[in-house]
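Trainee: What follows is the residue order along each chain.
Number of protein chains: 2
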Amino acid sequence: MSELPIALDAMGGDKAPQEIVDGALQAFHEFGLQSILVGKREEVEPLSGGELEIFHASEVISMHDDPAKATRSKKDSSLVRSAELVRDFKASAMVSAGNTGAAMASALFRMGRIKGVARPAIATTLPIPGHTPTVLLDSGANAECQPEWLLQFAEMGAVFSKVRYGIKRPKVALLSIGEESSKGTPLVKSTHAMIKEKAQSTDLFEFIGNVEGRDLLDAVADVVVTDGFTGNVALKTLEGSLKFFMKTLFNVMQTNDESKSASDILLKYLLPVASELDPDATGGAMLLGVQGICIISHGSSSAKAIVSALKVADELSKHNIVDQLRAAVS
Amino acid sequence: MSELPIALDAMGGDKAPQEIVDGALQAFHEFGLQSILVGKREEVEPLSGGELEIFHASEVISMHDDPAKATRSKKDSSLVRSAELVRDFKASAMVSAGNTGAAMASALFRMGRIKGVARPAIATTLPIPGHTPTVLLDSGANAECQPEWLLQFAEMGAVFSKVRYGIKRPKVALLSIGEESSKGTPLVKSTHAMIKEKAQSTDLFEFIGNVEGRDLLDAVADVVVTDGFTGNVALKTLEGSLKFFMKTLFNVMQTNDESKSASDILLKYLLPVASELDPDATGGAMLLGVQGICIISHGSSSAKAIVSALKVADELSKHNIVDQLRAAVS
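Sequences listed follow chains A and B, in order. Note that numbering that gives the first Met the number 0 has the first sequence beginning at 0, numbered continuously upward. Note that numbering that gives the first Met the number 0 has the second sequence beginning at 0, numbered continuously upward.
No lab work stands behind these hints, which were simulated from the structure alone. Among the hints, a few may not be true.
Pairs count within a copy or across copies, as identical chains cannot be separated in the list.
To be verified - Once the Cα atoms are required to be at most 27 Å apart in a straight line, the calculated DSS-like pairs of lysine-lysine come out as:
id: 1; residue 1: Lys197; residue 2: Lys74
id: 2; residue 1: Lys14; residue 2: Lys303
id: 3; residue 1: Lys195; residue 2: Lys170
id: 4; residue 1: Lys89; residue 2: Lys197
id: 5; residue 1: Lys259; residue 2: Lys74
id: 6; residue 1: Lys68; residue 2: Lys114
Sequences are here, hints too, so could you generate the full structure?
Mentor: In structure tokens form, the structure reads like this:
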């Protein structure tokens, strides 16, 4: 366990502060994880029962605030203060289920970039039952990218896959619209050549070439690299189809008494698999490339999601992921 | 029914020529649809039992051939000949389950573009149980696009949605990474402004703004416009996740005797819904913007998929979709 506590944005997310504080308490009771609850003391204190440290922040950045503007103007917001706690070595990591763009901006402006990193990227983990998850990056930080940035995403993604899932030499792939290196946009083609060349002189990762959208859940790659626009579209398409299939299946199950009783039996077997796909269990996305650990949990995070995120933050901190990222891009 | 037959590429697809010819025969017997089987007479004739006309073409463009090169060099291929039959008013439409790029190139080079169309686009239909499908375009013809092209995709997609699904004033959306018009790449932002302006002076469609990947199966839009790179990634991500969920569900069902018998009951209710999602039932994608109807069925098309594609081709031809597209972009 890290010696420093984790700065937890108690005000961020649709279910804040109740579920966020509940998550912090659960992580403390079950795993001994210490959080600093960052947010309005008058709202957070009654929920926390005095068990966890509170860092008062008088402002809140909402889901609808413009990220860059809000980060600049709301200097005493829970997000900005969380990032400062990491910068000032008062916390080992920050965790937020709030405004993703503002979390990124807070981390970037307060912690700063790792030297040599052109652009930080968001690494999301795609759960694949029976396999280690596939890391998808950039899943939304940079809508427009350059090949050099994507090469760094490959390096940073490989470090993340190694530290988080213990994969010794992660298989890196590039997201495109065909396996051939001639397929895709000019960005993809240049990046393909660049990663391929880099792979010949590094032990950090193996380059397996292009993959397509249909391969994302196939466990063919440990890390899939793409620009933040394509990555975000792909990620949200996956989320949307998961929701769609769950809803469709549930509707079918509810057709009548016969289908309902058959479903009661089947659900015993289905639920353990579904729980592997549960976004609350994946532990959130990480902003890679800033000088500190910033974990972004989804907006609808429950207490369970916060527990997962805190565990991931703690583990990455114990493994000094920022030092490993620094070494990889230097 | 059209007076002209449909040119069917008998050699295209993983299951050609057997399933392709079977599909043509089924469409003829069940719906009276006339096809010309385009391909190697010695292979096609024994399968067709002399019931359908055959147009001999001595060459075949394979799935792995380079589209542009193969279209240029294999002048007597079933694909190129199919496109020529449409150009020469010998066929009302062409249908192929072969090499997508080569089908596009054949149609483009032999039929030519509709006057005023900058770039033809592939329109794919996303099945949504209980709703009319959503039209996604461009789903792969143009990896790199300009805003003006995307505006035309909006217009052509609206015509397609209107003709194929009878939607009077289709709701058009732009695929992005946030609902706000400020979100996305420069391409998306320029396109947003351009479609918005156009929507104020046309009755052809209504513009509902940006949608995200998670909205694709939500039936919020009738037409979703994007560049061919993003569209292809989104489409294949959807296909991949559909396959993933089906496989996962099937594995769970097979766990043991108890799960198997519960599944036997549930499948009665599940199969009708699954059949609505069956790619074989959607009728293939259409290349919009060329001077003729070109329907591209997926590579693994069965006879059933070919029947669907022939029915769609026939219907679009009866509704003179090419004239309607010409009017919309003029």
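Trainee: For each hint, tell me whether it holds in the structure or not.
Mentor: Tested hints:
With identical chains, the CA atoms of lysine 197 and lysine 74 are never at most 27 Å apart, being 41 Å at best within one copy and 41 Å at best between copies. With identical chains, the CA atoms of lysine 14 and lysine 303 are at most 27 Å apart within one copy only, with a shortest distance of 12 Å there and 48 Å across copies. Taking the shortest alpha-carbon separations for lysine 195 and lysine 170, only the intra-copy value of 12 Å comes in at or below 27 Å, while the best inter-copy value is 43 Å. Proximity of lysine 89 and lysine 197 under a CA criterion of 27 Å is satisfied in neither setting, with 37 Å inside one chain copy and 54 Å between copies.
For the homomeric pair lysine 259 and lysine 74, neither the shortest alpha-carbon distance inside one copy (53 Å) nor that between copies (58 Å) is at most 27 Å. For the identical chains of this complex, lysine 68 and lysine 114 are intra-copy neighbours only, at 25 Å inside a copy versus 46 Å across copies, given an alpha-carbon limit of 27 Å.
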